[in-house]
Structures are given as C-alpha cells and as structure tokens.
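2 protein chains.
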Amino acid sequence: MTPADNFFVLVDWGTSSFRGWLMSPGGAVLAESRGGEGMLHCAAAGTGGTGFAAVLGDHLTRLGAAVGTPVLICGMAGARQGWVEAPYIKTPTRLDALHESAIRVDAPGDILILPGIAHAHAEAPDVMRGEETQLLGVTELGYTGLVCIPGTHSKWIRIDDGRVVAFSTYMTGELFSTIGQHSILTHALDPANPSPADGAAFREGLARALAEPTALTASLFRLRAAQLLGFEQRTDGSARLSGLLIGSELADAARQYAPLRSVRLIAAGALGRLYAAALGQHGFEVTQVDAEQASRLGLAKAAGRLWGAKA
Amino acid sequence: MTPADNFFVLVDWGTSSFRGWLMSPGGAVLAESRGGEGMLHCAAAGTGGTGFAAVLGDHLTRLGAAVGTPVLICGMAGARQGWVEAPYIKTPTRLDALHESAIRVDAPGDILILPGIAHAHAEAPDVMRGEETQLLGVTELGYTGLVCIPGTHSKWIRIDDGRVVAFSTYMTGELFSTIGQHSILTHALDPANPSPADGAAFREGLARALAEPTALTASLFRLRAAQLLGFEQRTDGSARLSGLLIGSELADAARQYAPLRSVRLIAAGALGRLYAAALGQHGFEVTQVDAEQASRLGLAKAAGRLWGAKA
Chain A
0 MTPADNFFVL VDWGTSSFRG WLMSPGGAVL AESRGGEGML HCAAAGTGGT GFAAVLGDHL
60 TRLGAAVGTP VLICGMAGAR QGWVEAPYIK TPTRLDALHE SAIRVDAPGD ILILPGIAHA
120 HAEAPDVMRG EETQLLGVTE LGYTGLVCIP GTHSKWIRID DGRVVAFSTY MTGELFSTIG
180 QHSILTHALD PANPSPADGA AFREGLARAL AEPTALTASL FRLRAAQLLG FEQRTDGSAR
240 LSGLLIGSEL ADAARQYAPL RSVRLIAAGA LGRLYAAALG QHGFEVTQVD AEQASRLGLA
300 KAAGRLWGAK A
Chain B
0 MTPADNFFVL VDWGTSSFRG WLMSPGGAVL AESRGGEGML HCAAAGTGGT GFAAVLGDHL
60 TRLGAAVGTP VLICGMAGAR QGWVEAPYIK TPTRLDALHE SAIRVDAPGD ILILPGIAHA
120 HAEAPDVMRG EETQLLGVTE LGYTGLVCIP GTHSKWIRID DGRVVAFSTY MTGELFSTIG
180 QHSILTHALD PANPSPADGA AFREGLARAL AEPTALTASL FRLRAAQLLG FEQRTDGSAR
240 LSGLLIGSEL ADAARQYAPL RSVRLIAAGA LGRLYAAALG QHGFEVTQVD AEQASRLGLA
300 KAAGRLWGAK A
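Same order as they appear, the protein sequences are chains A and B.
In terms of numbering that gives the first Met the number 0, the first sequence opens at residue 0 and continues consecutively.
In terms of numbering that gives the first Met the number 0, the second sequence opens at residue 0 and continues consecutively.
Among these hints, one or two may not hold up.
Because identical chains cannot be distinguished in the list, a pair is counted as satisfied if it fits within a single copy or across any two copies.
What the hints assert, rightly or not - 20 Å max Cα-Cα, derived SDA-like pairs, lysine to any residue:
#1 K89 with V164
#2 K89 with G198
#3 K89 with G141
#4 K89 with T143
#5 K89 with L228
#6 K89 with A269
#7 K89 with H120
#8 K89 with E99
The set of hints was computed from the structure by calculation and includes no laboratory data.
Make a model of the complete structure from these sequences and hints.
So this is what it looks like as structure tokens:
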C-alpha cells in the first residue's frame with residue numbers, strides 16, 4: 000500500500016484555534032474536529048512540543064484516524080513559539096512549491112508543517128503564517144491578481160503567475176478593537192450595538208477615509224466630536240469606525256497595488272459582507288471564498304503534491 | 000476700589016490637573032498652587048458642583064487669595080460634565096472676544112469660566128476646550144498662521160487675522176499609548192526604553208510616514224515584522240512608533256493647511272523637542288512657547304479684558 004492510497008489529516012492550527020479534517024484518499028472530508036487549543040494553549044500546556052503532541056493526539060482520536068495517518072499542518076504551530084519552527088520562505092515564491100519547504104516534526108508518524116512567507120525587504124518588511132496556505136487554496140496555477148484576507152491583521156497579496164511577489168498587512172481589525180476598548184472612542188461606540196453592519200454609517204465612514212486617505216487619526220477624533228456636536232449618533236459609532244478603518248486599508252491597498260482590480264476575497268460572515276460591499280463600491284471585481292474552506296483547500300493541494308492525494 | 004485695582008486668580012483646570020495663580024493687579028505671578036484635582040476628581044467628589052467649589056476653595060486658601068478675589072478659569076471645568084457648562088463658541092471666532100462668552104458660576108464671588116471652541120461643520124466637526132486660551136496667549140492681535148498643540152489629542156489650528164477659522168484634532172498621543180499597551184506592538188516596544196527620543200529611529204519613522212502618508216495602519220504592522228526579520232531593534236520601537244504617528248499627523252496637517260508654513264508650537268519637555276525637530280525637518284518655521292505659560296498668558300489677557308487687569 001503506497002501513501003497515495005492512504006487517508007490523511009489536514010490541520011489549520013492558529014493562535015487560538017485548532018481545526019482538523021480526516022480526508023479520504025480521494026480528497027473528501029470524512030470527519031472534522033475543532034477546538035480552542037491553538038498555539039497559545041499548546042505552548043502553555045507543555046514544554047518541548049509535548050503540549051502540541053498531546054492536543055494533536057486527542058484530535059486524531061476524535062477524527063478516527065488510524066495510527067500513522069500522515070498529517071499536514073499550516074499556521075502558528077510552525078511559528079518560533081509553536082511546535083517546530085517552519086522558517087519563512089521569501090518572496091517571490093511559487094505557491095505550488097510551498098510543500099517543498101514543509102518541516103517534519105520529530106515525533107512518531109508522518110507529521111509536516113507548512114512554512115510561512117516573508118517579504119524580507121527593509122523598506123516594507125512583512126510576514127504571513129497560515130495565509131499562504133489559503134492563497135494556495137483559492138488560486139489556480141498561474142493566477143495573476145490580488146487576494147484580500149481581512150481580519151485582525153488584514154492582508155493584501157499580489158500574485159503574479161502563481162508567485163507571491165509582494166504583500167502588506169494592515170492592523171485594521173486590531174485597531175478596531177483596541178481603539179474601541181481603550182481610547183476616548185469608547186464613548187463614541189454603543190455597547191448595545193458593537194458589531195458594524197453595512198449601512199449608511201459604514202458607507203459614510205468608508206467614503207470619508209477614501210476621500211481623505213491621509214487623515215485617519217483626525218477622522219478618528221471626529222467620530223467623537225461629531226457626536227458631541229449632534230451631527231452623528233452613538234448607535235452608528237462602530238459602523239463608522241469600521242468604515243474609516245476599512246476605507247483607510249482600501250485606499251492604501253488600491254494605491255499600492257494599482258492597476259490590479261481583480262481580487263479574491265477570503266473571508267466569512269459579517270466581516271466578509273463588509274469587505275465585499277467596500278471592495279465592490281471601490282470598483283474591485285470580487286470573488287469571495289470562505290476562509291476556512293480556503294485553508295482546507297490549500298492544505299489538500301499541498302498534501303496532494305506531498306503524498307499524491309487528490310486536491 | 001474698582002476691580003481693576005484688585006488682585007485676581009487664574010485657573011487652568013484640566014481633565015486631571017489643577018493649576019492656579021494669584022496675580023497682582025499689574026499682571027505679575029504672586030503665588031502658584033497645583034494639584035491632581037482635575038475635572039474627573041471633582042465630578043466624582045461631589046454633586047451639583049460641590050466637588051469643584053471645595054477644590055477651588057482649598058487652592059484659593061493656599062494661594063493666599065483674599066475672600067472675593069475674582070477667578071477666571073479655562074479648561075474642562077467648563078465641560079458638560081464639569082462645574083458649569085460654558086458652551087462652545089463657533090468658528091470663525093475672534094480670540095480677543097473669548098472673554099465675552101465666559102460663563103458665571105452660581106457661587107459666592109466673581110468666578111468665570113471661559114468657553115471652548117467648536118468647528119461645527121458636519122464634514123469636519125471638531126472641538127477644543129482649554130486650547131483656545133493657549134491660542135489667545137501665544138498670538139498677538141491680528142496674527143495669521145498656524146498653531147500646533149501636541150499631546151494626547153494633538154491640535155492644529157489655522158488663525159486668520161486673529162480669528163480661529165479651522166482646526167483639526169489628531170489622536171496621536173492617545174494612539175501611541177493605546178497601541179503600545181494593547182496591541183501586538185507591545186512586543187515591538189522595549190519596556191526599558193519607553194520614551195521616544197529624537198534620533199535616527201524617530202526620524203526614520205517620520206520619513207516613512209511622510210513618504211507614505213496613506214499607509215499608516217500597514218506601517219504599524221511593519222514595526223513588528225521588521226523586528227521579526229531582523230531589520231530593526233526593539234530598543235528603537237517606541238521612537239519609530241512615535242515617528243510614524245507624528246509623521247502621519249504632520250503629513251495631513253501640512254496638506255490640510257497648505258500653504259501656511261509658519262507655526263507657533265505650544266509644547267514643553269521631550270514632546271516639544273520631538274515636534275520641534277519634526278516640524279523643522281518638514282520645512283516649518285517654528286516658534287515654540289511653553290504650554291503652561293501659554294495657558295497663563297491667555298487667561299491673563301482675557302482677565303485684562305474682563306477686569307482691566309494688565310495682560
């Protein structure tokens with residue numbers, strides 16, 4: 000029996016989450032296991048990787064994977080503070096060669112971790128870990144265009160003929176929560192209405208940021224001033240803040256990656272709806288793919304290249 | 000004896016500080032009293048203004064002010080959540096007419112609070128309270144030019160022939176502390192080296208922000224990435240962050256208020272040095288005035304117009 004005939008396991012191991020799938024030799028999802036045992040949990044649970052090994056073992060049992068089933072992992076398990084460091088490969092780099100830089104875990108069985116990607120330029124240094132696998136998942140061989148992956152640290156990636164050539168990370172999601180919780184803008188956000196939705200307030204914030212792309216830190220204070228002076232309502236605060244921050248990201252990315260306007264959007268739920276609306280309004284041609292599906296598709300493609308399993 | 004022959008008291012009453020001066024009829028400082036009993040302390044200490052009245056009474060005693068000495072106050076004591084609200088006057092407004100909108104406190108004696116200023120335009124709403132008095136202090140009759148008041152909420156004010164016509168507030172200082180304490184950038188700042196100084200790292204951050212004025216939220220993440228990839232040192236983190244944020248403010252203000260390039264800088268200490276360096280590098284002609292002196296000078300001018308005391 001060759002490995003190509005075997006089942007295999009795919010794992011998306013983030014900072015604070017674990018998602019695993021048992022796959023058939025033909026590439027179908029047979030079982031799924033998920034939990035909150037991300038990198039932070041595992042690093043705290045044991046030294047020398049024992050925390051990671053134990054958590055993976057539990058999930059393999061839940062998945063019903065036979066002993067020795069090969070496992071392919073992406074994400075923070077490969078960070079320096081993770082299980083085994085899978086060093087960043089550097090741009091420009093082919094997505095279809097990601098699997099060649101996978102790192103083998105020194106543990107029983109065939110356990111591999113995919114590398115992250117670094118843009119190692121002093122002028123615009125940047126890193127990703129986990130997103131490279133999503134990129135592989137949502138692009139076909141030879142893809143040229145942009146990919147946008149919104150979130151805590153939103154990423155915009157330029158792909159040229161299947162190679163990652165440049166990318167930028169925007170602190171959009173983290174600024175939204177940090178400013179909303181720890182600045183004067185806590186008074187401008189309605190605790191009863193914390194989740195921004197795509198509506199007039201979001202679109203006005205977006206338009207403001209796009210019209211004055213250098214004015215972000217002034218526009219933030221104006222959220223408060225506008226409410227003090229009766230121009231705006233606190234119930235609209237979080238949608239306006241979201242519009243300003245996403246608009247600021249969009250304005251810079253559009254400038255940075257011009258003239259590209261075709262974008263694969265890797266996102267889900269409410270955030271996906273906000274970005275799809277924002278990108279569409281700003282003249283981007285958007286194809287949206289669910290974020291979790293993107294990770295699984297990318298892992299499956301890399302596993303196929305490693306073990307001959309079907310992508 | 001007319002009021003003009005009397006001593007008078009000036010008070011700069013901020014959110015978290017109280018500074019009072021007993022002045023001679025001729026405008027000389029005879030005594031000073033300062034403490035941490037700002038608006039927040041006083042509002043919590045008693046209802047209906049009793050907290051404010053008690054704190055002022057204590058300071059008047061410390062200053063050796065005779066009963067009935069007139070008192071002129073600026074700052075947050077006049078906010079809605081302060082002692083008595085001194086409503087914002089609206090731009091455009093003459094600085095030499097500030098005293099005409101002072102609000103009388105319903106308490107024994109002659110106690111007046113100067114108003115704040117609002118830019119009540121839906122497109123660029125903004126408010127100030129306390130800074131208007133500093134503006135009066137540092138400008139001569141008929142002044143035309145810019146004033147920059149750095150801080151938690153940095154302000155840039157355009158003055159035209161002695162009238163405040165427009166201003167913008169940047170959340171520069173608050174973002175510096177919020178991001179530094181509550182985001183991934185805590186890992187990029189050296190706790191042993193928290194205070195930014197004017198050096199190579201500060202100037203590089205400044206130059207980066209000025210070169211890419213729309214890229215702030217990406218430049219913030221790059222602070223972290225540059226350290227992960229070995230391009231930058233954690234000891235330089237806070238200076239770089241400060242350079243990025245001040246540079247972002249400067250880039251927008253320079254655009255907003257072009258072609259004005261003559262600026263009065265109201266600041267003190269390390270922050271004053273950083274801004275003076277940044278403004279100088281960016282081609283501004285800078286005249287620096289100490290922030291506390293600016294408040295006292297402005298209060299004295301307004302008191303002179305109210306009571307005939309010398310400014």
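Against the structure, the hints come out as follows:
no.: 1; hint: K89 with V164; result: within (9 Å within a copy, 51 Å between copies)
no.: 2; hint: K89 with G198; result: neither (40 Å within a copy, 31 Å between copies)
no.: 3; hint: K89 with G141; result: within (19 Å within a copy, 59 Å between copies)
no.: 4; hint: K89 with T143; result: within (18 Å within a copy, 53 Å between copies)
no.: 5; hint: K89 with L228; result: between (50 Å within a copy, 11 Å between copies)
no.: 6; hint: K89 with A269; result: neither (33 Å within a copy, 40 Å between copies)
no.: 7; hint: K89 with H120; result: within (10 Å within a copy, 49 Å between copies)
no.: 8; hint: K89 with E99; result: within (13 Å within a copy, 65 Å between copies)
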